[in-house]
Amino acid sequence: MPLRGIRTVTTARNGVGAFILPCKRLDFHYCDWAGSSRGMLAFLKHALPKFATENPQIEIRVSPRPHKHPIITGHYINGREKSICVRNLEPEQIFVKANLLKEASGEKLKRTKKPVTSINESVRGIWSPYHGGLKSV
Amino acid sequence: MKRLQLQRWSSSALSSRARTGGRLQRHLYSSNRFQSTNPTPLQSEADQSFAEEPSIPSTTTPSPKFTKYQLPSPPIQAARESAKLAALHARLYLPSRLPLETLARCLVDPSADSNSQFNNVPLAVLGHDLLTHYTSEHLICTYPRLPLTVIFAAMFAYAGPKTLMAMAREWGLEHAAAPGGEVDPGFLQFKRVAPGTDTNAEPLIGTTRPNEDQKTWRKSITSSVVYDNEFGDPDMAGVPSSESSESAIQTQYTEGVTVEQASASFVRALMGAIYLHAGRPAAKRFFEQHILSRHLEIANLFSFNQPARDLSRLCARENYEPPVAKIISETGRKSRHPVFVVGIFSGQDKLGESVGASLAEARTRAAVAALKGWYLYSPLNVRVPSSMEEKGAAPWKPVYVDLGEVIV
Numbered sequence: 000m001p002l003r004g005i006r007t008v009t010t011a012r013n014g015v016g017a018f019i020l021p022c023k024r025l026d027f028h029y030c031d032w033a034g035s036s037r038g039m040l041a042f043l044k045h046a047l048p049k050f051a052t053e054n055p056q057i058e059i060r061v062s063p064r065p066h067k068h069p070i071i072t073g074h075y076i077n078g079r080e081k082s083i084c085v086r087n088l089e090p091e092q093i094f095v096k097a098n099l100l101k102e103a104s105g106e107k108l109k110r111t112k113k114p115v116t117s118i119n120e121s122v123r124g125i126w127s128p129y130h131g132g133l134k135s136v
Numbered sequence: 000m001k002r003l004q005l006q007r008w009s010s011s012a013l014s015s016r017a018r019t020g021g022r023l024q025r026h027l028y029s030s031n032r033f034q035s036t037n038p039t040p041l042q043s044e045a046d047q048s049f050a051e052e053p054s055i056p057s058t059t060t061p062s063p064k065f066t067k068y069q070l071p072s073p074p075i076q077a078a079r080e081s082a083k084l085a086a087l088h089a090r091l092y093l094p095s096r097l098p099l100e101t102l103a104r105c106l107v108d109p110s111a112d113s114n115s116q117f118n119n120v121p122l123a124v125l126g127h128d129l130l131t132h133y134t135s136e137h138l139i140c141t142y143p144r145l146p147l148t149v150i151f152a153a154m155f156a157y158a159g160p161k162t163l164m165a166m167a168r169e170w171g172l173e174h175a176a177a178p179g180g181e182v183d184p185g186f187l188q189f190k191r192v193a194p195g196t197d198t199n200a201e202p203l204i205g206t207t208r209p210n211e212d213q214k215t216w217r218k219s220i221t222s223s224v225v226y227d228n229e230f231g232d233p234d235m236a237g238v239p240s241s242e243s244s245e246s247a248i249q250t251q252y253t254e255g256v257t258v259e260q261a262s263a264s265f266v267r268a269l270m271g272a273i274y275l276h277a278g279r280p281a282a283k284r285f286f287e288q289h290i291l292s293r294h295l296e297i298a299n300l301f302s303f304n305q306p307a308r309d310l311s312r313l314c315a316r317e318n319y320e321p322p323v324a325k326i327i328s329e330t331g332r333k334s335r336h337p338v339f340v341v342g343i344f345s346g347q348d349k350l351g352e353s354v355g356a357s358l359a360e361a362r363t364r365a366a367v368a369a370l371k372g373w374y375l376y377s378p379l380n381v382r383v384p385s386s387m388e389e390k391g392a393a394p395w396k397p398v399y400v401d402l403g404e405v406i407v
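In order, the protein sequences belong to chains W and H. In terms of numbering that gives the first Met the number 0, the first sequence opens at residue 0 and continues consecutively. In terms of numbering that gives the first Met the number 0, the second sequence opens at residue 0 and continues consecutively.
Rather than coming from a laboratory, the hints here were simulated on the basis of the structure. All C-beta atoms, glycine included, are put in the ideal place defined by N, C-alpha and C. Mixed in with the good hints there might be a few duds.
[Stated by the list, open to error] Anything over 10 Å on all C-beta distances counts as not near chain H; from chain W, calculated:
1) T7
2) A17
3) E102
[What the hints assert, rightly or not] Just so you have them, the derived chain W footprint on chain H, three or more residues with Cβ under 8 Å:
4) 72 to 80
5) 302 to 314
Looking at chain W on its own, in the form it has when it is part of the complex (with noise of 0.2 Å):
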């Protein structure tokens, strides 16, 4: 056979075309005893509802945690979680906290050197010593 084609897999570039939301799942862990918990409660009581119906690609899961501290559990579409623990936050903390998880990506923190990150090939091309004004010896 004299030409092949090689299978392989397209990749995927998120918000090219769709944007998909990384944050599919939020997770709210509070105890009804505890006092580092009296923020959280107030939160889930008035604000978690609208932060619901702004977010509706998110799964929330309001679930207690008996004496503990109250956490939010974020999970995230590459297979990854994150958790903020939340004790004694006010509620308007906690909203920080909460769109802090929503909008993260899911991935480990990390420096970013680059100031540009593609899978695009370079426009110009790699610099060649054997093209261009070449100098005779």
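Once you've looked at the hints, dock chain H against the given chain W.
Same frame as chain W, now just chain H:
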């Protein structure tokens, strides 16, 4: 364990009224439903409307002796209560005309529920045809000179099961450990293959290709256009379902499917469901946003065996002067790291140029570059035939059609 013949009790608990809201789907359901429950299979429209009347009170009082634990897949009513399903609907920006019940049905694989009125097989058939149709017309119109093997590979890369599985994973789809009526309908319901099963063990039978048992016979590319499927694989859809025995279908479903097969059938079924509920423009938009927006470097799909021979045949066919390889520049011929820059010329025109560590390597690479330059020709502002289906479309101008690949 959870196997239950739905036909026996479906008229009481799940009549056509209790099914999903779509008018088209309800019509499809009711026609099938009454054909199965009534002794007379063929009825007129008026008879069907009469037959629908007595079933109304029974929908409000479902039989209590059947619990959802006995169902093979989640009941219809569970779709409205699932947070996971609603979140998936919102995450994919699905049109609001696509109800949650249909999305739940897309998630039921035939290995979980063999009843085709509750699983995603009918939707997946439609969605698969749409996906491959849109992909193939895009590829052929955008790259009219692509060889057929590369078109097969590109089709596989855009709409093949591996890509569809990756898409479902990137949508955040989760799998049920085992299917059942009590499972949240937001999970993908399928029966898994038993661990240790060799999936490649069984021989391929029932394909559309004649003399399929002859392993040593050469399979030409031209014959794969006729006999194989859109990815160049053996086509298993050739045998009509009436001929294959019921027991064979049952064993195929009870053996379980892989995650790849189940995820791919979900994505196909979703495409079909969008087409049915929201119409053709929405399906086209979904295809462009989710399939066509993915990145594929078509130049990397080529694997040449003898590029210099192909190029000389191509030049002969196109009445170009025979290609000649010339050294453009070189360095270190006697050293450990020689570099040669070789160009391939046809008369005065340079067809391709490349760098190699030996003269033969540089010449081969230059021939590959010349062939890719020919095969990857892409006209500007190309339109696909399905763009004519829109209202008020401009008159059709024929797209460029090439002679085809070089036959050597």
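Self-check item: Claimed clearance of chain H by A17 of chain W, with the beta carbon kept past 10 Å
Solution: violated, 4 Å
Quiz item: With a cut-off of 8 Å between beta carbons, are at least three residues of the region 72 to 80 of chain H near chain W?
Solution: n = 0 at 8 Å, threshold three: violated.
Quiz item: Per the coverage rule (Cβ-Cβ under 8 Å, at least three residues), is the region 302 to 314 of chain H covered by chain W?
Solution: Our answer is that it holds, as 6 residues pass the Cβ test (under 8 Å) against chain W, meeting three.
Quiz item: Is it the case that T7 of chain W keeps its Cβ farther than 10 Å from each residue Cβ in chain H?
Solution: Answer for T7 of chain W: violated, closest chain H Cβ roughly 5 Å.
Quiz item: Would the least Cβ to Cβ distance between E102 of chain W and chain H come out above 10 Å?
Solution: holds, 15 Å
Consistency with the previously given hints fails for numbers 1, 2, 4, ordered from lowest to highest.
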